Amino acid sequence: MADLVEIKGVTHAYRTKAGPLPVLNDLTISIPEGEFCAVVGPSGCGKSTLTRLIAGLMKPDSGEVWLHGERVKSPRKTVGMAFQNPVMLEWRTILENVMLPLEIVAPSMPRARREERARQLLALVGLSGFEGKRPSQLSGGMRQRASLCRAIVHKPEVLIMDEPFGALDAFTREDLWQLMHRLRAEEPFTALLITHDLRESVYLADEVIVLSDRPARVQYRMRIDTPSPRPIEMLYEPDSVARLAILREQIEIAQGRSGGAH
Amino acid sequence: MEFLRKAAPPLIAIALILAFWEWLVWFKGWPTYKMAAPSDLWPAFWKYRTLFVKMGWETLWRTVVGLGVAVVFGTLLGMIMGFSRLMRDALYPVLVGFNAIPKATVVPVIALIFIGQHDFNTILIAFMISFFPIAVSVSIGLSTLEPEYRDILRALGASRLTIFWKIALPKTLPEFFGALKVAVTLAFIGTNLMEIVEPHGRGLGALFDSGKINADYPLMFAVLFALAFLGIVLFYFVVLLERIFAGWADRSAS
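Quick mapping for you: the protein sequence lines, in order, are chains V and G. In this text, residue positions in the first sequence follow this note's numbering: the first is 1, and each later residue adds one. In this text, residue positions in the second sequence follow this note's numbering: the first is 1001, and each later residue adds one.
Excised from the complex, chain G in its bound form (with noise of 0.2 angstroms):
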């Protein structure tokens, strides 16, 4: 009952949605070449199923093999920056110059330099469009780790590194979550540009590039979907993760 309760304002609300969708088009008259009703989506998935599932696959391994690397790479410079002062001093402006260029614009920058690499383009393109986030946030959590916290152990003669796993490192945690919840969506996006911009027959972007040269607005629309739906199983894989590692940091759960 409760979670009945719960759940039918929001499956009420999409259905509703999707009805007026529906009677829309119907009322309209509009012909599947000019738009899409939900009814023509499931034919779509079940048409390009094959294609669905290769595609899927592509997006997401790429998709999560970038952010890998932005989490590796945006760590390491959060943690030069937030250790030392000069270096963050010097490298701050530098990314934020960097962050403000639409990545769109260096998609196909990247698909001429290494031409024909295009999981390397597609990594590339969503590890430098996720890394910033991350970066940010684990440099300002290392940089107001307030000084107590420091010295229970610098006193007991703990090395720098030791001060780093037991203490800074996990005080780190919730920031650095918060920022990779960003950085997930990000990553996503950065995969669907080159796939979509650059389309080398590889991934969701290059079947709704497909869809779209053919005016098939079912296969479009039923990309969008999948799309949607990758994303969230993406961004909640974080939240597990969060879960599992920086659990501690939730007080409503005690």
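So here's chain V without its partners, still in its complex pose (with noise of 0.2 angstroms):
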């Protein structure tokens, strides 16, 4: 049986002025169904890329992406998406922002289903009462959990998040680390986040990637198989601590490399 999202030997350059700047070199990931994937990396290193790749938002050059058994050539209706930026629709409410996938999605779907699918998402996010309020209305902290809900809301089969946590204060992410654990639970997903935070990699993750510098190519695999959810106090745990240690370790690999690389 073929995992859920499979992406092989993918290899890909932008063109810029300056010539093609590769960013992918011969990348293998898969991960399989209901499983959570991590990938870290250097900054810059084509993390990015990666999830539009999957996203069927760009062609890789070579290589193939598939989910699902079927390869991916454009955009499919079964991926969620959350970014750094929650892209709130200002002019909606949180409710109307939640329900925005399922007009795609499922236009025949009633409103009433998707109003109430809605709520009870947002229920589990910890913003019932919220559900009528402007975007401009909320903290930071709670649009990126709307912005979740919005990416769950239409049951997809793989969730990209690039760097969601990334512009919250510390006590906020770990907020939404746990709320990642309960959603997962209560609406299995399978995912890949992109993220340069390796405390959350090792607590969010079953298997963490580490990607070189550009062109990024796996550079080392982590399998943590505690199962979910899990407590963030496993992250002051001496398992954990010699994970981050050994994750940290890798990036400074991977960092070393960019001198020589080109």
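Everything labelled a hint here was simulated from the structure, so no lab data went into it. Every value quoted in this text rests on a predicted model; they were computed, and no experiment measured them. Among these hints, one or two may not hold up.
Unchecked claim - Only pairs whose alpha carbons sit at most 25 angstroms apart, straight line, appear in this in silico BS3-like list of lysine-lysine:
| # | chain 1 | residue 1 | chain 2 | residue 2 |
| --- | --- | --- | --- | --- |
| 1 | G | K1047 | G | K1212 |
| 2 | G | K1171 | V | K77 |
| 3 | G | K1054 | G | K1166 |
| 4 | G | K1166 | V | K77 |
| 5 | G | K1054 | V | K133 |
| 6 | V | K59 | V | K77 |
To be verified - Covered, in the sense of this in silico footprint (three residues per stretch, anywhere, with C-beta under 8 angstroms from a C-beta of chain G), are these stretches of chain V:
| # | segment |
| --- | --- |
| 7 | 5 to 16 |
| 8 | 97 to 103 |
| 9 | 187 to 201 |
Heads up, the beta-carbon is just placed ideally off N, CA and C, and yes, glycines get one too.
Fit the two chains together into the complex; they arrive one by one in their own frames, and the hints show the way.
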């Protein structure tokens, strides 16, 4: 049985004025159904390119992206996306923002059903009572919660997150990490998380992948078998600390290579 | 009390200015063929009241139609330039060049080309003078749309049209209304330009022109006040539309 997300030997370069800029080099990653995969790596190593490839927003120069046994050539309705910027539509209420993907993916679904689904998710992330508010009336953490609801409201096969907690303060970030585990329990999904926070990757992911500097390839993989949901205290246990040290070292190796790569 | 505190300063200022104006005309002993005093205005309004209503209506509807055409054309042009880099590069210099021509010089040209069709000419000038800010603001609004906004819908397989309706258009509305406030004033100027430079017996501009020919200062000043009134009404009508359609952009309200 093939994995849900399969990235096979993907190589990609951006065409710039100074010539081609290779960002991904023979990258192979696969995520089994229901797993949470975190990708870390030096900044500018092509992590965001990876999200756009899986979402079908761009095509790789060579290599293949497969989703649920089908080759991804164009956008599909079965992905959910969340970014560092919560990308709330300011003219819509929080509830209407969360309902947005359903309008595209399930236009025939009655409005009442869409609303019910959105309300249910907002309740799950602790935003009951804020349905009618505008995004500008909410804090950054609350906006990001709503953004996560929007990313999974249509029950996507894969949830793609590009540093969704990067702009939040440390406590809010930890709140949202715990929320991710609760969401996984209630609304099972397969996830790819791009991050540069090693603690985040260790706390959330079943597998952490370290990418090398540009052009990125898989440099290191780490399995974390602790079942979800995980207590936040886990991060302070010797096991996790050891994992963080290994990942930290791998990042340094990845950065160290940058000097000789070109 | 609060209302009085707010309304009093501007009202007192207006009263003082009018009083000074009245005093100056009285002090210098100017006759009405040389200069009008505020007290001459009301009789002028009353004397020509039917003309004011008729001409005011002509100025108003031609301005609104000209602005309406400018909104449709400007929005379409803005969309073309906002979505296509090539079209933006091609059209922008043309637009800037066209906008740089003072429209007063275009008035006689238009009046000659479409001789006799005064309604059409007036609407055309009102349109030509006012579409530029709308086109520019819509194109900037669309071309500066953050890619994430497009991606959340594109990733779901939404069509370009859907993305435009659900994201790009509403997101551009605040800029659009900002431009519309400028455009409504410009369209009003355009209408009056045509009415005054090539009068055809229609609109407040023509009434102003006839006041000029007869050295009827009370009438000329009365027209100026009527124009100011119409201009304010038009402007606040746009403000009202903005409140309705882009009120969400005003954060102070929440």
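Structure-based check of all given hints:
no.	hint	result
1	K1047/G with K1212/G	holds (17 angstroms)
2	K1171/G with K77/V	holds (23 angstroms)
3	K1054/G with K1166/G	violated (42 angstroms)
4	K1166/G with K77/V	holds (17 angstroms)
5	K1054/G with K133/V	violated (47 angstroms)
6	K59/V with K77/V	holds (17 angstroms)
7	5 to 16	violated (count 0)
8	97 to 103	holds (count 3)
9	187 to 201	violated (count 0)
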